[in-house]
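Student: For reference, the chains in residue letters:
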Amino acid sequence: MEGDIVQMGAYIGAGLACTGMGGAAVGVGHVVGNYISGALRNPSAAASQTATMFIGIAFAEALGIFSFLVALLLMFAV
Amino acid sequence: MASDQATGGLQIHPMDQFIVKPLFGGDAIHWYTPTNVTLWMALAVVCVVLLLVIGTRGRALVPSRVQSIAELAYGFVYKMVEDVSGKDGVKYFPYIMTLFIFIVFANFLGLIPMAFTTTSHIAVTATMALAVFFFVTILGVVKNGIGFLSLFWISAAPLALRPILALIEVISYFVRPVSHSIRLAGNMMAGHAVIKVFAGFAGVLGVGAVFPLAAITAVYALEVLVSFIQAYVFAILTCVYLRDALHPHH
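Protein chains in written order, with the numbering used here: chain X, 1 to 78; chain S, 1001 to 1250.
Because the hints were derived from the structure by calculation, they are not lab data. There may be inaccurate statements among the hints.
Unchecked claim - Looking from chain S toward chain X, a few residues come up when the C-beta cut is under 10 Å (computed): (1) 1046; (2) 1080; (3) 1087; (4) 1169; (5) 1179; (6) 1186; (7) 1187; (8) 1232; (9) 1233.
Claimed, not checked - One side only, chain S facing chain X, incomplete, derived with CB under 7 Å: (10) 1084; (11) 1182; (12) 1183; (13) 1219; (14) 1222; (15) 1236.
These figures come from a predicted structure and were not determined experimentally. Cβ coordinates follow ideal geometry from the N, Cα and C atoms, glycine included.
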């Protein structure tokens, strides 16, 4: 078992970066859950807000993407 | 990653499907070499042409099936641009329609077994995202001049907070092409890699392979949905950026 400790650290860091997925999951779930609860209260206004929901999902997801980016950088760039 | 020598009985190479290969033998890839990326992108363009040019050739008053699909796609994107970007954003509708239809077809063609997903490569999506970024920035500066900078100066916030918010806004503005491109590429790559991992399980389980096969079916159905939604998200974010460029005042 030889191999340098830097690479081990990079792999551990890449794995840890995957915890960012959980944060993105919470964010996206929150956005969609609130959309659904709002839509059930006032179904007639729901259709006009679908685009807003997707924009919200995209912004919540962007932070999860940065953790993926960190993982990629650790795996291939460090 | 995929080149690691796995010594166990279970050998899964979920990332091998994303390797760019020249079509006509050889290993060298130059900028002019036709590769599988070129092939599948060209097929996506052919599909777009078949749907939107050949399919609507009849211009029938009562549309045929293909023509009504094309009309639905047109109406869907048109309404999205009108709702999100506003009336003066409609002028840039052809660009967003082009992006949306191309990404939809590239995603869906990638779902065919043994096909190559061009949108799973960051090089492909980053090109589109950077094109959107430069287009929107140049448009904003041309339309609003120095007033475009008011996008970063939020006049609704308290004065003491504005410099901090301006810094955050500038950072988030320049991060846009990164998240815009990696969102699409990451979603497509991850989904296809998951399918390949389950396919690898199915290969070694024998009769028990019905469970991974059921999982593949479920993930595949999810991927069909994700393919469409990611194209939609890419297009709608382009609309949002376009709105910011046309109306930078908060």
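Student: The structure should be examined with respect to each hint, and the outcome stated for every one.
Tutor: Taking the hints in turn, this is what the structure says about them:
1. 1046: violated, 29 Å
2. 1080: Nearest chain X Cβ about 7 Å off; hint holds.
3. 1087: violated, 16 Å
4. 1169: Given a least distance of 13 Å, the restraint on residue 1169 of chain S is violated.
5. 1179: Cβ of residue 1179 of chain S sits 4 Å from chain X, so the hint holds.
6. 1186: holds, 5 Å
7. 1187: holds, 9 Å
8. 1232: holds, 7 Å
9. 1233: holds, 5 Å
10. 1084: holds, 6 Å
11. 1182: Given a least distance of 5 Å, the restraint on residue 1182 of chain S holds.
12. 1183: holds, 5 Å
13. 1219: The hint is violated - residue 1219 of chain S has no Cβ within 7 Å of chain X, the shortest such distance being about 16 Å.
14. 1222: Not OK, violated: residue 1222 of chain S not within 7 Å of chain X, min 14 Å.
15. 1236: OK, holds: residue 1236 of chain S within 7 Å of chain X, min 6 Å.
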